[in-house]
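Asker: The listed protein sequences correspond, in order, to chains D and L. Just so you know, the first sequence maps onto residues 1 to 375 in our numbering. Just so you know, the second sequence maps onto residues 1 to 502 in our numbering.
It cannot be assumed that every hint is accurate.
Stated by the list, open to error - Distance condition first, Cα-Cα at most 25 Å in a straight line; then the derived DSS-like pairs of lysine-lysine:
#1 D/Lys35 - D/Lys370
#2 L/Lys270 - D/Lys295
#3 D/Lys69 - D/Lys104
#4 L/Lys40 - D/Lys261
#5 L/Lys147 - D/Lys282
#6 L/Lys141 - D/Lys260
The hints are simulated quantities; they were obtained by calculation from the structure and are not laboratory data. Everything numeric in this text was worked out from a predicted model, so none of it was measured.
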Amino acid sequence: MIFNDLELKTAPLEGEVRIPSGCAVSAMIDRTGRKMTGEKIIRSIATMHDRSNGLGGGFAGYGIYPDYKEYYAFHLFYNDFQAKKETEDFLVQHFEVAYSSEMKTRKLKSITNEPVIYRYFLYPLSKRLANSLLDEERYVVRCVNKINADIKGAFVFSSGKDMGIFKGVGYPEDIGRFYLLDEEYEGYCWTAHGRYPTNTPGWWGGAHPFGLLDYSVVHNGEISSYDANRRYIEMFGYKCSLQTDTEVITYIIDYLLRVKKLTLNEVAKVISASFWSTIEEKSEEEQREETFLRKAFPSLLITGPFSIIFGFTGGIMALNDRLKLRSMVCAEKGDMAYVSSEECGIRAIEPDVDNIFAPAGGVPVIYTLKDGGAL
Amino acid sequence: METYIPPEYEVVRDRDLCTGCRICERECANGVHRYDKDLKRMISESDKCVNCHRCVCFCPTRALKIIKNPDTYRLNANWQPQTMNEIYRQADSGGVLLSSMGNPGDYPVYFNKILVNASQVTNPPIDPLREPMETVVYLGKKDVELKRDIEGRLVDNLPPQLKLSVPVMFSAMSYGSISYNAHEALARAAEELGIYYNTGEGGLHRDFYKYGGNTIVQVASGRFGVHAEYLSAAAAIEIKMGQGAKPGIGGHLPGMKISDEVSKTRMIPKGIDAISPAPHHDIYSIEDLRQLIYAVKETTGYSKPVIVKVAAVHNIAAIASGIARSGADIIAIDGFRGGTGAAPTRIRDNVGIPIELALAQVDERLRQEGIRDSVSVIAAGSVHSSADVVKAIALGADACYIGTAALLALGCHLCRSCHTGKCNWGIATQREDLVKRLDPDVGYKRLVNLVTAWRHEIQEMMGAMGINSIEALRGNRLMLRGVGLNETELKILGIHHAGGPV
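Work out the full structure, taking the sequences as your base and the hints as a guide.
Answerer: Below is the structure:
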């Protein structure tokens with residue numbers, strides 16, 4: 001795909017305008033923790049080629065950096081070397097840099113206009129961290145936000161430990177090969193996203209997954225509750241600068257899990273709550289719990305179509321909106337579990353599954369490592 | 001010298017259609033119509049007519065109509081007839097002009113300059129005839145620390161909440177300003193609808209304690225009819241600090257509306273004007289308000305949410321922020337177009353700001369300060385239709401109060417003469433012969449119809465937006481666009497112009 005320079009300049013950038021998009025999502029996890037390359041996840045998402053339009057694709061891999069698993073792995077896009085210098089100055093002031101290098105990529109005809117892409121393995125400087133009065137995770141998040149907001153032409157698009165996000169403008173299968181996911185990396189869990197935005201920002205940072213530390217979200221849909229959710233979550237120190245559904249959903253999950261200490265199942269009951277009429281038919285215990293969650297977090301209910309795969313250290317959660325306005329199927333085969341927008345995304349890599357099902361709207365499907373994930 | 005003021009409206013009778021049945025004469029408490037034996041026909045004195053349309057509606061042959069009197073002073077764009085007449089009246093009487101109902105002036109109605117979004121292509125509309133479309137809201141504080149019991153189950157430790165089946169409530173209208181039958185209709189309708197009505201500052205008639213589960217009782221500066229039992233009977237308690245129709249002054253009930261029953265309910269003397277003080281004399285500052293809030297909570301064992309009602313004035317955002325930090329569970333904001341049973345004309349027509357702007361600013365300020373969760377917000381002051389409810393909620397309200405719309409459902413024709421106590425529709429009167437014209441069985445049904453119809457319309461509009469719970473509409477300002485608004489107005493409302501976001 002050849003980008004027209006003029007078009008790039010005239011279309012509003014991500015964050016300057018709200019961009020709805022349709023999409024494809026896919027994920028696979030080996031619950032024993034056995035690692036696999038990105039080859040299969042690329043094939044899975046490639047099968048759903050028509051659900052993307054070449055304007056964004058990406059992947060998240062978990063367990064891919066065993067040699068540096070104690071370090072925060074930052075992936076950065078730079079527009080130019082000035083941005084790189086400014087960012088690296090910032091990084092050395094705040095982190096111990098264990099290793100850094102340019103991201104290894106493969107030249108492809110279909111991937112053009114790529115930014116400068118770098119990777120760093122970082123650990124917060126202990127004195128800086130102590131002076132900040134923040135816990136380690138908040139400190140890292142603040143640093144990421146600072147770079148993204150204040151350094152022009154620099155964007156941190158992955159910041160978790162022992163995981164990484166790889167994304168860009170193009171079809172997802174091309175993006176996967178561009179980053180050599182089929183050769184260079186092995187993880188126990190992969191998620192993937194193919195994007196179908198309805199206008200053309202052509203910005204690499206705007207592709208998905210969206211990440212926050214080790215959390216990653218891939219999402220297909222266009223939520224109708226966006227501004228209600230955004231205005232609420234921004235009360236708690238989050239800033240929705242990209243104006244995408246994925247961004248606000250990630251912040252909501254982060255807030256409910258990390259700050260409010262809800263379980264994944266409880267989070268699902270907040271963001272994709274059962275209808276009042278359904279709750280009435282449930283057991284007294286469930287009624288009590290779900291009514292309370294709806295009363296306490298009404299502004300975090302997400303309406304409109306969505307199917308999301310939420311990735312975290314040790315597992316994934318697949319969740320649909322309560323009316324199931326987007327397709328999503330799950331399947332299992334031995335220790336492997338799969339989630340995909342369409343069944344074909346699973347059959348393409350595992351034709352012979354043990355069971356396959358379409359989870360009902362609002363019912364979370366959670367797959368974690370058998371010896372217990374991080375959550 | 002008393003100045004003769006020509007009537008604003010003229011009663012026109014079609015002589016061919018009039019049968020002389022004299023129904024119009026019986027229906028008019030203002031004595032406009034009478035039968036002239038010598039002329040052997042009905043005659044009308046337009047001077048006395050308030051244009052309430054009672055006679056027009058009840059004339060069996062449709063022989064009557066009320067028209068704007070074409071009689072005019074010498075035309076003058078600067079000195080309008082209304083202004084001149086008011087001067088004549090004050091020169092005659094030396095008194096403060098009194099008016100009723102909301103500000104009728106030609107100020108912008110922002111709701112009418114806001115348009116709502118709908119879903120298509122990238123996101124589907126949802127069909128309320130075929131899918132659940134939730135309009136239930138809970139009002140009250142949400143900002144609690146989550147607690148778990150020993151088995152790890154979440155504990156419901158939320159302060160008391162008001163559950164509404166639809167985010168519409170009947171706003172404060174006191175017994176005294178309106179009739180016993182009007183109150184009965186409101187109470188029964190609230191009960192059937194699963195919403196609440198509000199007693200206003202006139203106390204609660206003994207007969208209506210049984211509707212307490214759907215009653216909000218008010219504590220205003222006059223403390224009329226306030227006692228522990230009254231507070232305990234209610235579902236919620238509203239402290240009235242201000243009213244949109246008359247910010248800065250207290251309530252006003254003309255003596256002729258203070259009947260035996262009203263006197264007993266309010267605990268005040270019969271027949272003498274009841275004018276509540278402008279401030280609460282125990283609240284001269286925000287910390288005093290906090291004390292009253294907690295006094296009321298102590299009295300009722302922290303079992304009921306406390307609402308603080310304020311008029312929309314210039315610094316409403318700061319006021320609301322103060323109230324949110326003072327223990328109130330809910331803030332009700334009443335815009336400058338809000339109705340009243342009696343208010344000084346100058347105050348009603350010149351003081352306060354529009355509810356749309358006040359609401360937008362309050363919601364934004366509470367969010368900026370991170371305390372939007374510590375209160376719910378009710379918007380009031382000329383909510384005309386279900387579309388206004390949808391827009392108010394998208395601007396940031398949790399629910400709306402309706403007053404005038406509810407009275408219209410009961411038959412009110414907005415003649416704005418409530419303060420005279422001669423309401424021909426049996427609403428704003430205590431005269432027994434007039435009160436009985438309003439049949440509570442009919443009245444309550446009409447209120448239920450109105451809110452039910454609005455609920456359906458709200459569901460239609462939500463469905464069109466692809467939103468299936470009203471909770472996801474609250475503060476969802478991207479669903480709104482302004483038309484014909486300038487940049488300052490858009491900024492205050494926090495919305496983009498139609499065709500925007502640019």
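Asker: Now look at each hint and say whether the structure bears it out.
Answerer: Status of the hints after comparison with the structure:
1. D/Lys35 - D/Lys370: Status holds; Cα separation ~14 Å.
2. L/Lys270 - D/Lys295: violated (45 Å)
3. D/Lys69 - D/Lys104: holds (19 Å)
4. L/Lys40 - D/Lys261: Given that 25 Å is the threshold and the Cα spacing comes to 85 Å, the pair is violated.
5. L/Lys147 - D/Lys282: holds (22 Å)
6. L/Lys141 - D/Lys260: The hint holds at about 17 Å.
Going down the numbered hints, you'll see the structure goes against 2 and 4, while the others check out.
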